[in-house]
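**Q** These protein sequences, in sequence, are chains G, H, A, B and Z. For the first sequence, position 221 matches number 221 in the working numbering, and the numbering has no gaps at all. To convert a position in the second sequence, counted from 1, into the working numbering, add 1000. To convert a position in the third sequence, counted from 1, into the working numbering, add 2000. To convert a position in the fourth sequence, counted from 1, into the working numbering, add 3000. To convert a position in the fifth sequence, counted from 1, into the working numbering, add 4000.
One or more of the hints may lead you astray.
Claimed, not checked - Cut-off 30 Å, straight-line C-alpha distance, at most; resulting in silico cross-link-like pairs (BS3-like, lysine-lysine):
| id | chain 1 | residue 1 | chain 2 | residue 2 |
| --- | --- | --- | --- | --- |
| 1 | G | 218 | A | 2061 |
| 2 | B | 3119 | A | 2015 |
| 3 | A | 2126 | G | 218 |
| 4 | H | 1076 | B | 3099 |
| 5 | A | 2099 | A | 2015 |
| 6 | G | 6 | A | 2015 |
| 7 | B | 3200 | A | 2126 |
| 8 | H | 1006 | B | 3096 |
| 9 | G | 73 | A | 2127 |
| 10 | G | 6 | A | 2200 |
| 11 | B | 3149 | B | 3045 |
| 12 | A | 2105 | A | 2015 |
| 13 | A | 2192 | G | 17 |
| 14 | B | 3035 | B | 3127 |
| 15 | B | 3099 | A | 2110 |
| 16 | B | 3127 | B | 3149 |
| 17 | A | 2099 | A | 2087 |
| 18 | A | 2192 | B | 3195 |
| 19 | H | 1017 | B | 3045 |
| 20 | A | 2150 | A | 2087 |
| 21 | H | 1007 | B | 3149 |
| 22 | A | 2045 | B | 3127 |
| 23 | A | 2105 | A | 2063 |
| 24 | B | 3063 | H | 1017 |
Said to hold, decoys possible - The following residues of chain B were derived to be distant from chain H, with all beta-carbon distances above 10 Å:
| id | residue |
| --- | --- |
| 25 | 3025 |
| 26 | 3088 |
| 27 | 3196 |
Unchecked claim - What follows is a list of derived Cβ distance ranges for each label pair:
| id | chain 1 | residue 1 | chain 2 | residue 2 | range |
| --- | --- | --- | --- | --- | --- |
| 28 | G | 207 | Z | 4198 | 45 to 53 Å |
| 29 | G | 199 | Z | 4171 | 23 to 31 Å |
| 30 | H | 1192 | B | 3070 | 38 to 46 Å |
| 31 | A | 2192 | B | 3059 | 56 to 64 Å |
| 32 | A | 2068 | Z | 4215 | 48 to 56 Å |
| 33 | A | 2022 | H | 1023 | 31 to 39 Å |
| 34 | H | 1192 | Z | 4171 | 39 to 47 Å |
Because the hints were derived from the structure by calculation, they are not lab data. All C-beta atoms, glycine included, are put in the ideal place defined by N, C-alpha and C.
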Amino acid sequence: MFEFAKKIINFFYREYKLNLSGFHDILTNITFFFISIFIFIFSIGPDNETLSKLAVGIVWTLLLLSSTLSLRKFYKDDFDSHNLLILHLHGMSFEFIAILKTISHFIYVQIPFLVSIPIACIILNISFDKVYNLLLSFVLGSLILSCLGSISASMNLLNQRNYLLGSVIVMIFSIPVIIFSIGIINLEESFNSLINILIGILLILFSVNPWASGACIKLALQNN
Amino acid sequence: MFEFAKKIINFFYREYKLNLSGFHDILTNITFFFISIFIFIFSIGPDNETLSKLAVGIVWTLLLLSSTLSLRKFYKDDFDSHNLLILHLHGMSFEFIAILKTISHFIYVQIPFLVSIPIACIILNISFDKVYNLLLSFVLGSLILSCLGSISASMNLLNQRNYLLGSVIVMIFSIPVIIFSIGIINLEESFNSLINILIGILLILFSVNPWASGACIKLALQNN
Amino acid sequence: MLILQNVSLNRLNTKIFENISFTLGSGRVLILKGKNGSGKTSLIKTILYLLEPSSGSIYWKGKILPKTIYDFYNNITYIGDRPTSLKQLTIEENIKIWKKISISKIDYEKIRNVLTILKLNNYKNKKVSTLSLGEIKKLELLRLIIENKKYWLLDEPFTNLDLDSIDIIRQTFEEHCKNEGSVLFSSHQDIKFSKYEEIKL
Amino acid sequence: MLILQNVSLNRLNTKIFENISFTLGSGRVLILKGKNGSGKTSLIKTILYLLEPSSGSIYWKGKILPKTIYDFYNNITYIGDRPTSLKQLTIEENIKIWKKISISKIDYEKIRNVLTILKLNNYKNKKVSTLSLGEIKKLELLRLIIENKKYWLLDEPFTNLDLDSIDIIRQTFEEHCKNEGSVLFSSHQDIKFSKYEEIKL
Amino acid sequence: MKFLINPYKFNNFSDTLIKPLLYLSVIFLFLGLIFSFYFSPNDYQQGSTVRIMYVHVPSAWLSLMTYFIMSIYSILALAFRMPFGYIVNSAVAPIGATFTLICIISGSLWGKPMWGTWWVWDARLTSVAVLFVVYLIIIFINLSFENRIVREKVTAIFILIGSINLPIVKFSVDWWNTLHQPATISKLSKPSIDPSMMVPLILMTFAFVFIGICIAIFRIKTEIHNRKNNL
Ligand code: HEM
Ligand SMILES: Nc1ncnc2c1ncn2[C@@H]1O[C@H](COP(=O)(O)OP(=O)(O)OP(=O)(O)O)[C@@H](O)[C@H]1O
Ligand SMILES: Nc1ncnc2c1ncn2[C@@H]1O[C@H](COP(=O)(O)OP(=O)(O)OP(=O)(O)O)[C@@H](O)[C@H]1O
Ligand SMILES: [Mg+2]
Ligand SMILES: [Mg+2]
Chain G
1 MFEFAKKIIN FFYREYKLNL SGFHDILTNI TFFFISIFIF IFSIGPDNET LSKLAVGIVW
61 TLLLLSSTLS LRKFYKDDFD SHNLLILHLH GMSFEFIAIL KTISHFIYVQ IPFLVSIPIA
121 CIILNISFDK VYNLLLSFVL GSLILSCLGS ISASMNLLNQ RNYLLGSVIV MIFSIPVIIF
181 SIGIINLEES FNSLINILIG ILLILFSVNP WASGACIKLA LQNN
Chain H
1001 MFEFAKKIIN FFYREYKLNL SGFHDILTNI TFFFISIFIF IFSIGPDNET LSKLAVGIVW
1061 TLLLLSSTLS LRKFYKDDFD SHNLLILHLH GMSFEFIAIL KTISHFIYVQ IPFLVSIPIA
1121 CIILNISFDK VYNLLLSFVL GSLILSCLGS ISASMNLLNQ RNYLLGSVIV MIFSIPVIIF
1181 SIGIINLEES FNSLINILIG ILLILFSVNP WASGACIKLA LQNN
Chain A
2001 MLILQNVSLN RLNTKIFENI SFTLGSGRVL ILKGKNGSGK TSLIKTILYL LEPSSGSIYW
2061 KGKILPKTIY DFYNNITYIG DRPTSLKQLT IEENIKIWKK ISISKIDYEK IRNVLTILKL
2121 NNYKNKKVST LSLGEIKKLE LLRLIIENKK YWLLDEPFTN LDLDSIDIIR QTFEEHCKNE
2181 GSVLFSSHQD IKFSKYEEIK L
Chain B
3001 MLILQNVSLN RLNTKIFENI SFTLGSGRVL ILKGKNGSGK TSLIKTILYL LEPSSGSIYW
3061 KGKILPKTIY DFYNNITYIG DRPTSLKQLT IEENIKIWKK ISISKIDYEK IRNVLTILKL
3121 NNYKNKKVST LSLGEIKKLE LLRLIIENKK YWLLDEPFTN LDLDSIDIIR QTFEEHCKNE
3181 GSVLFSSHQD IKFSKYEEIK L
Chain Z
4001 MKFLINPYKF NNFSDTLIKP LLYLSVIFLF LGLIFSFYFS PNDYQQGSTV RIMYVHVPSA
4061 WLSLMTYFIM SIYSILALAF RMPFGYIVNS AVAPIGATFT LICIISGSLW GKPMWGTWWV
4121 WDARLTSVAV LFVVYLIIIF INLSFENRIV REKVTAIFIL IGSINLPIVK FSVDWWNTLH
4181 QPATISKLSK PSIDPSMMVP LILMTFAFVF IGICIAIFRI KTEIHNRKNN L
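Excised from the complex, chain G in its bound form:
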């Protein structure tokens, strides 16, 4: 049991080493995020009211788009260098690897974003009482995106030709998520029920993800 916990910690240590040296990817993402916000401000004009009305939607879309930016790194590098295989031989089932990878994607890729959301709120004139709801929905949403990303990135291992397809699949599945989360911020009365729906989606995805990703990784290893 103790050894098991140690394994998990060590996995995250490894991911940390991997992602930190690729820190420029995270930076690229964040820069993309802010530049896009600027683009919108310039194209709308600094009219405060429309801006704060649209702000949440814009932030959501940007979150989604930039998490598709990092899809390629999700499994590809480790797969190509056979490191997924080595991890597996150290007693982690592919399903377990998928879970850990998803969590580490959330920690190392999504969280830097979540941190920058309050700043985005300031720039976009979102009122501060909404920030709490916003953050909660974003945390749930980005966990969902991590799960979707894991599934589609593992599917992309089987498909060396068309890597955008993974992004497209993630995006079409995230449409309902976006609809719900936007609803959360606009209709404040039904906050709890909508959050519950989001949590429901998250739970479903979180339990489907290991099996789907694990199966894909296994198949990819057999074919390569």
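Following the hints, complete the assembly by docking chains H, A, B and Z with the ligands onto the known chain G.
**A** Only chains H, A, B and Z with the ligands this time, still in chain G's reference frame:
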């Protein structure tokens, strides 16, 4: 002379094989573009007026995104597999390779986007008299982004210390370009002078790009 | 003890190998030999049960394999035919990661000794991407020492190595066998062991 | 004719090799030998002028090198130590790309013959990512035939190959030398040529 | 009805079926075109643009129908392990996509004179656009994944998840108030449309159905043939 032309054509043949395994890859690109627009609309809301105000910003963001998405493929794969070196040994200077790569990035990554812009105009309610100006500014803008992308991707090959220079500063460079181009659509009077500024930026970048990228590639080959 | 019984493998509907049987007990060296494309790498992957044999069965400690797979994994070190070290990190960082991943209790002194023997000690803080091919291969082989398992499965461990290093590795194998370990590897080169068996594919 | 005169190289302020001099004329086989990390790959890259020698000079057809570099490139085929074929494409597609890139006038019949000799003919429509390591290496070496240049520079051309294939490649080298070609390669293995020189690094 | 789930039976049965179907589709198309251009009245509001309806509505129905069929076959394939389902899925998806595209194009051609724009983002139109994208993704998955088993499973699962969109397309006009026409013809009770418009509509619908079935048969047969040779 004739052989030289042949070399260029064959280079593009190779790039074609690398980038597109078939026509459906281009279609996937276009689909990606449209789904992104969908997602914007789902999150911003279907109000026609705000939409047409935001439309140009949306398209610009997506253009920026698509060119950052493909940055990794720009030189990295060919560099890692030593193919850049092989091309060089076939009599192409690194500067020349950079020019050809930039053009082929424009052709195989940006053009599929540009083709879908007229349709995007329809679904985003941009009035048709603007389409010509819009397309002109997008063609210029995406050429500029290709040049910037080439520089940043080649800097990323050096990756160890210069990553900040690589991705982020180049993205910041794209801000003035975008501001100009958005201005082009909104202020119709000064159209010509703004276009001229864009052309100026493009010319500067187009002549700087081969030297900058070529030097980076050469340095990267020495250090690797 | 690992036993293969009449194992055959198909990939994409073509037969790769047929009716392979052998036993890998403690203290033994097995060498896989065969032409290019004869299926050495595939056989090793089949033993690891990454590829499912199309017929025949593999036994580990008397039980049929997929059942006791994690116990099996717990007793082997596999080093494949391509480098797995992380290129953007230094030798030392890679070793640290491997130590953590395999929860190895080996002390750092011993690793340093091995590094010195392999002549890698001077490059400890060099990034893997700036090493020569042979140096990378030697770094890979270090995993054998770090993980400290009983069964070693290796795919072409001697490529890119110079003659001295080959001899060091050979001696390591022999020593491992004396300590009741066992080694299975594929190779195109002729390496002389005091006691070994060959499997022709 | 390629002449190296007292060439030395530093990388990251450490000396890699010093005062190397030799001549590569037509009809000759030069073999670079040396331990891991002794600088064989670096020397070949220096000859290609990808690394600038820290002292000494390289002459091509009597002229100092960086001046006539493209003429030099026009006369060599370099095959490095890692595969350059595109993994997502088939063998045939790769050959087609190489033919186009080098504007080679070789007819397809000849390539097919070579493929048959190398036993790759059955895999023509298989993707490179599903080939075995040796098969990939043989595919790489096909570039020698496609480009049809006089000078061949190769970095460890025999790794991963089985004995038969090594012999085929060796014969190809010998034949190339008979036709006034010349070959420079690095290797850890001992390959017997009828006439060759060794350079120790 | 075995031929609907067994590839060999299908192959034999479709050989006898294909000729009459071809004749039928030509006849119905001919009649339908004649009726819709000469024997149907102009609408008192819409003028002659109402004739777009005879293309728009059948193709809209068929795009939904095709997807529904694909969902059924996905269930058959996944739950009852009938590989014929996978064959149908990969053969029929492009047909459905084409119908959807026809629906969208004819709809926007109709929308310009009626609503003043080519496109609005109301629930019906948006959900049809999503349907089209779903079709496209199904096609792409079929083209990009090399491993056949993976490809089939992924497609089938994707089709099933995407079928959530079907009721949204169908009932969006009832659930939200939109610009788009609510169900008038396909209402369960009594259709509220003039019979003189009903006749060409029905003729055209049958023409589309037969054409669709013919193409589907051809595609399924080639798919079966391909699989036989690859295995
Ligand atoms: C691009 C825009 C459009 C799209 C994507 C679209 C989509 C659809 C779809 C999917 C259906 C089938 C619904 C069902 O089976 O219940 C349908 C039916 C129909 N559409 Fe459209 N439509 C569009 C534009 C229009 C326009 C502009 C008009 C006319 C003003 C129109 C009139 C109708 C009518 C009358 C029906 C038959 C409704 C029924 O009785 O079931 N549509 N459309
Ligand atoms: N992923 C794959 N899918 C289909 N066939 C494959 C795959 N990988 C290898 N093969 C084929 O299986 C055969 C055996 O390959 P394998 O890699 O096991 O050979 P090997 O004995 O290791 O050869 P080498 O000595 O060249 O390394 C080869 O003909 C190869 O083309
Ligand atoms: N990019 C680099 N930057 C700095 N040092 C390097 C770089 N590449 C190689 N070296 C060092 O230069 C030395 C020579 O490397 P080289 O690759 O030339 O050796 P080699 O003789 O080819 O060895 P091998 O037989 O293992 O292939 C090694 O010690 C290596 O660590
Ligand atoms: Mg092998
Ligand atoms: Mg070397």
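**Q** Compare the structure with each hint and give your call.
**A** Hint-by-hint comparison with the structure:
no.	hint	in the structure
1	218/G with 2061/A	25 Å, holds
2	3119/B with 2015/A	16 Å, holds
3	2126/A with 218/G	34 Å, violated
4	1076/H with 3099/B	23 Å, holds
5	2099/A with 2015/A	39 Å, violated
6	6/G with 2015/A	42 Å, violated
7	3200/B with 2126/A	25 Å, holds
8	1006/H with 3096/B	14 Å, holds
9	73/G with 2127/A	20 Å, holds
10	6/G with 2200/A	42 Å, violated
11	3149/B with 3045/B	18 Å, holds
12	2105/A with 2015/A	42 Å, violated
13	2192/A with 17/G	40 Å, violated
14	3035/B with 3127/B	35 Å, violated
15	3099/B with 2110/A	52 Å, violated
16	3127/B with 3149/B	27 Å, holds
17	2099/A with 2087/A	17 Å, holds
18	2192/A with 3195/B	28 Å, holds
19	1017/H with 3045/B	28 Å, holds
20	2150/A with 2087/A	28 Å, holds
21	1007/H with 3149/B	17 Å, holds
22	2045/A with 3127/B	20 Å, holds
23	2105/A with 2063/A	29 Å, holds
24	3063/B with 1017/H	39 Å, violated
25	3025	21 Å, holds
26	3088	7 Å, violated
27	3196	24 Å, holds
28	207/G with 4198/Z: 45 to 53 Å	50 Å, holds
29	199/G with 4171/Z: 23 to 31 Å	27 Å, holds
30	1192/H with 3070/B: 38 to 46 Å	43 Å, holds
31	2192/A with 3059/B: 56 to 64 Å	44 Å, violated
32	2068/A with 4215/Z: 48 to 56 Å	53 Å, holds
33	2022/A with 1023/H: 31 to 39 Å	50 Å, violated
34	1192/H with 4171/Z: 39 to 47 Å	52 Å, violated
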